[in-house]
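Student: The lines below spell out each chain.
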Amino acid sequence: MIHFAPVMLFFPLLGFLVLVTFGRRMGEKASGTIATVAIGLSFVAALITFLGLLGQSNREVTENLYTWIPVGSLHVNIALLVDPLSITMCLFVTFISALIHLYSTGYMHGERDATKFFVYLNLFVFSMLVLVLGNNLLLTFVGWEGVGVCSYWLVSYYFDKDAAASAGKKAFIYNRVGDVGLLLAMFLIFDKTGTLNYLDIFGHLGSFTTLAATMAVLALMLAAAGKSAQIPLFNWLPDAMEGPTPVSALIHAATMVTAGVYLLCRMNPLLSLSPDGRVVIAIIGGATAFVAATIGTSQRDIKKVLAFSTVSQIGFMVLAVGTGAYVAAIFLMICHAFYKALLFLGSGSVIHGLHGEQDIDRMGALRKFMPITFATFLIGWLAIAGVPPFASFWSKGDVLDSVYRHYPALWVLGIITAILTAYYMSRLFFLVFTGKARFDEPAADGRPAIHDPHESPKVMTIPLVVLAVGTLLVAGIDLPWMHAHTLKAFLEPVFTTNLYDPNESSGLQIILAAVDAIMAVIGIAVAWVAWRNGPDRPKLEPKFLANVWYWDNFYDAIIGRPGQRLAQEAARADVAVIDGAVMGAAAVVTKRAQALRRIQTGQVRHYALFIAAGLVAILVFLLVKAFHP
Amino acid sequence: MITHVAISPTSSSFPFIGILIGLPALGALVLALLPRQAKQAIRWTALGVSVVSLGVAVAMAICFKAGNDGYQFFTNHSWATSLGVSWMTGVDGISLFMVVLTTLLVPLALLGAGEHRRTKPFTAWLLLLEAACIGSFVSLDLILFFFFFELTLIPSYFLIAGWGGPARAAAAVKFFLYTFLGSAMMLVGILYVAFTHEAQTHVLTFSLQALEGTKFSGVAGVLLFCAFTIGFAIKAPIFPFHTWSPDTYAESPIGAVIILSGIMAKLGTYGIIRFDLGIFGHASRVVAPVMLTLAVIGMIYGAIVACAQRDLKRIIAYSSLAQMGFIVLGIFSFSTIGLTGSVLLMVNHGIITAAFFLLIGWIVKRRGTSNAGELVGLQGPAPVLAATFTIVMLASIGLPGLNGFVSEYLVLIGTFITHRWWAVVGVTAVVFAALYLLWAYQRVFHGKAEGANAATKDLSWGERAVIAPLILLIVVLGIFPGPILHRIEPSVRHTLTHVSTNSCAVGSHCATQSMGGSK
Chain A
1 MIHFAPVMLF
11 FPLLGFLVLV
21 TFGRRMGEKA
31 SGTIATVAIG
41 LSFVAALITF
51 LGLLGQSNRE
61 VTENLYTWIP
71 VGSLHVNIAL
81 LVDPLSITMC
91 LFVTFISALI
101 HLYSTGYMHG
111 ERDATKFFVY
121 LNLFVFSMLV
131 LVLGNNLLLT
141 FVGWEGVGVC
151 SYWLVSYYFD
161 KDAAASAGKK
171 AFIYNRVGDV
181 GLLLAMFLIF
191 DKTGTLNYLD
201 IFGHLGSFTT
211 LAATMAVLAL
221 MLAAAGKSAQ
231 IPLFNWLPDA
241 MEGPTPVSAL
251 IHAATMVTAG
261 VYLLCRMNPL
271 LSLSPDGRVV
281 IAIIGGATAF
291 VAATIGTSQR
301 DIKKVLAFST
311 VSQIGFMVLA
321 VGTGAYVAAI
331 FLMICHAFYK
341 ALLFLGSGSV
351 IHGLHGEQDI
361 DRMGALRKFM
371 PITFATFLIG
381 WLAIAGVPPF
391 ASFWSKGDVL
401 DSVYRHYPAL
411 WVLGIITAIL
421 TAYYMSRLFF
431 LVFTGKARFD
441 EPAADGRPAI
451 HDPHESPKVM
461 TIPLVVLAVG
471 TLLVAGIDLP
481 WMHAHTLKAF
491 LEPVFTTNLY
501 DPNESSGLQI
511 ILAAVDAIMA
521 VIGIAVAWVA
531 WRNGPDRPKL
541 EPKFLANVWY
551 WDNFYDAIIG
561 RPGQRLAQEA
571 ARADVAVIDG
581 AVMGAAAVVT
591 KRAQALRRIQ
601 TGQVRHYALF
611 IAAGLVAILV
621 FLLVKAFHP
Chain B
1 MITHVAISPT
11 SSSFPFIGIL
21 IGLPALGALV
31 LALLPRQAKQ
41 AIRWTALGVS
51 VVSLGVAVAM
61 AICFKAGNDG
71 YQFFTNHSWA
81 TSLGVSWMTG
91 VDGISLFMVV
101 LTTLLVPLAL
111 LGAGEHRRTK
121 PFTAWLLLLE
131 AACIGSFVSL
141 DLILFFFFFE
151 LTLIPSYFLI
161 AGWGGPARAA
171 AAVKFFLYTF
181 LGSAMMLVGI
191 LYVAFTHEAQ
201 THVLTFSLQA
211 LEGTKFSGVA
221 GVLLFCAFTI
231 GFAIKAPIFP
241 FHTWSPDTYA
251 ESPIGAVIIL
261 SGIMAKLGTY
271 GIIRFDLGIF
281 GHASRVVAPV
291 MLTLAVIGMI
301 YGAIVACAQR
311 DLKRIIAYSS
321 LAQMGFIVLG
331 IFSFSTIGLT
341 GSVLLMVNHG
351 IITAAFFLLI
361 GWIVKRRGTS
371 NAGELVGLQG
381 PAPVLAATFT
391 IVMLASIGLP
401 GLNGFVSEYL
411 VLIGTFITHR
421 WWAVVGVTAV
431 VFAALYLLWA
441 YQRVFHGKAE
451 GANAATKDLS
461 WGERAVIAPL
471 ILLIVVLGIF
481 PGPILHRIEP
491 SVRHTLTHVS
501 TNSCAVGSHC
511 ATQSMGGSK
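Taken in sequence, the protein lines are chains A and B.
In terms of my numbering, the first sequence opens at residue 1 and continues consecutively.
In terms of my numbering, the second sequence opens at residue 1 and continues consecutively.
Heads up, a few of these hints could be off.
Some chain B residues well away from chain A (every beta-carbon gap over 12 Å; in silico) [stated by the list, open to error]:
1. Ala-61
2. Pro-289
3. Arg-493
With a straight-line Cα cutoff of 35 Å, these simulated DSBU-like cross-link-like pairs (lysine-lysine) come out [as the list claims (entries may be wrong)]:
4. A:Lys-458 / A:Lys-116
5. B:Lys-448 / A:Lys-161
6. B:Lys-215 / A:Lys-29
These aren't lab readings, by the way, just hints derived from the structure by calculation.
Because the structure is a prediction, the values reported are computed rather than measured.
Glycine included, every Cβ here is placed at the ideal spot set by N, Cα and C.
Could you build the full structure based on these sequences and the hints that come with them?
Tutor: If you want it as structure tokens, here you go:
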């Protein structure tokens, strides 16, 4: 059963190939069905593989398919590594993907190019599975870039809209900057160990000096910063919300953006060699979590709030990695995949119900109009806010617990961020679902009134319900305080260097958990006081936060505009200086400046003659030298 | 005293190489004799000849023995014995795929370029160009090589001057002047090498394999290296010898520019691998830091300047400059991985750039311009054109799974092992490549198409059939590069032995370290 691993990849690939070939003839409905079934089957295959793995004592199985790049000592195979970490990822990725595919058949109904949407979506799932199943860094990189390019296509899906086109490009470029890090890390690791296979790398860690290990870890962190939207590369993710909402849920919340965390966790034996590197990771994660949470408090676009929330939550995961709490990072990743997919799909349902409106100023009272969306969103909200006994209380609690033990200063930052998280999510929830309706009269800027908000069709609400149930149950896979560490025990063989053991002191744990819960309540309470009646009064959205700490403006000023000027100047210099020098030199050499000028006026024949003469001279020289050496 | 004839050529009963040079040349002659009005006959003859050549080249590739580092299908007919010049030809893993690629691109260029006024001379020149390019790749005699290398200039000059854009005359002359200037220096270099060899062995020969044993003093070696390399650097082009290429690529007819950028440019880098590394091993090592630096500058500079271009053809011209930088970087990494990557990149870049120019040609055919400023939103009316362009673009950016990535990756990782810092700086080029291509794509294909842009026709079935082989290769070579790598690597290893063992300057201490040949 373990050999079912390639089947997981087969179905999305098949779906992609079928849709890319016949999609346009089959139409929207058939395409959506095929795409959804393909991913559903992939989930079944993942489940079978998982059961097969459970039945094995050796839980690191390599499925070799063929040799991809064989040159010299570089031997890269297309091979899958089925181990607890990869199968855990596969399970939640395929499960959530299948639900989001189903949801999309409703959400994308009537869109132009809906078949193309499913082509990209299936290719995305295939790439994501390659990313997590690859048994070597280069194959992971294949998936890494594959999900990146799918993200590019899907973000700029509405390509005739300039904002969407630019956002897709921005996402790709920011990710490319991160890719430089992954490439350099690969080069360094190959140079030190002579291999790119994960298991072989871990067998040759002895050849790393601390400095080399730190360089490699920092390069990996750069890669993770690009893909997982961390400082300094986080600001592509909010722009990526230009894509259709299912894409935001799948790619920009549940799966792709966690790839950086996956990569760092996968490389945990290397991370263990570099305490300095881990400090940097922890600081980046903590800072990102905090910065993104502050920005999340002041956004007015429902999807942007969720986008910054995602950045912030991934920051927590990265922070966990920095403390060596790899299981906690994966635990939070899985929980987050459920509740954030739920929240994004819920926001999609809201947007759908309001005919495209995304401004939370223009919502309110939707609990009356969209009861299922409301109920499921409620669960997602409680889960992310960290209210016991919902998901984030356990998973984020785990992370903060580990942070407290390693970096107390970052724990304080984490606690503040936890308050902010509860606050911005509650603000969002109250503005959208409670208070009085604000969508039924025209907006100040002329947007028309919306009269008939409606609940979404079943294909959309069923995934919401399933995800809501999943969100309620997911924390059960690893409840630290019940000593039922199912996930931790399962992942143990992969995380041999895990530095955080929640069994250490339960007294401290309970105090920390109580602090977490109190923080969640504080956040919710503040939001309740400020926002329950709508957005009229409180001045709680500073320009600095609403404008993302002016991060984009800053990059534009120090990189964007100077870069454009540099390109323009270089292009001018290429003609004036380099070409000028060459043409000038040619003129000097031939001492025929006059002729050159004439050439440029188009009198070619003079020049052809000149060349012929030169050819003859050289030929004569050749003959003379040959016969009289 | 011939010191070094390590290559054990295998000869073949079937004269693949003779046919591959002779058939297109003969085809050109036949076309010249056909009446000008017989357009259909001309087109079909040209197409037939080029397709048969492709078949022969593919057959040759199939018969080629993998794992063999020597020249195969070797022929040696002396025709000017007193001059030491002979018709000596053969292919190894480095030249094999360039020959195959040449025979593939010519029929695609004929088909993709569409109708031309004065079809007869156009197709005749194109076939002659094919013969000259193939001749250059298979020549193992320096004079023979030089003959073919120069011969490429004549048809390309006439193709540019006869069928190019408004500024074609100036572009053609600049192209000719520039590349010819390089060749002149190379000829002097060739003669000097042969006479030095003669002084050392009392044998006058231009045979590459014999001349590989020649010893030079340090200074002479470096000067000779430069004499050869300037010619090659111009042809490629390598920074700062590139300024002819944007004008030439922008003004040339599509049929010609496909061969110019796809094949002829590779003559430069091929020449460096075959002749510079083969004959001037020591000098190559001395000059390597300079070459690596020029390569990295080219990679980044080309990309930056490409960002500021408006014309798609010029963007691809500067993109090619950057790609050539990658190739040169891999060559002077002197590592098996890096050089193998370079050879593969020569093939891959030929495929990618040919596909780019075919597509740009078709855009020009529809819209009368390749200026990105005038093209908006083509993805709406022409989705297949856009999708095809996207695949080619992603291959050029180096997306894994497509062909460009494998070669680019090999170049960078090979260079990292032997010349770390050049690779570290060079790797940033992958960001820039994405920048200018995505930018161009957004301007041309994204946005709302209006007016003439909205009426842009999508690719016809004929056009899809022409570009399909290239798209197929882009995908297949990205997923299964193994068969090609197996054939390239032994020859690369052999070439690198010249850099490590045949590398002692006269009178200097001879270190016998291998230049990372194992990695």
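Student: Please go over all the hints and tell whether each is borne out by the structure.
Tutor: Tested hints:
no.	hint	verdict
1	Ala-61	18 Å, holds
2	Pro-289	19 Å, holds
3	Arg-493	8 Å, violated
4	A:Lys-458 / A:Lys-116	23 Å, holds
5	B:Lys-448 / A:Lys-161	7 Å, holds
6	B:Lys-215 / A:Lys-29	73 Å, violated
Violated hints, in rising order: 3 and 6; the structure is consistent with all others.
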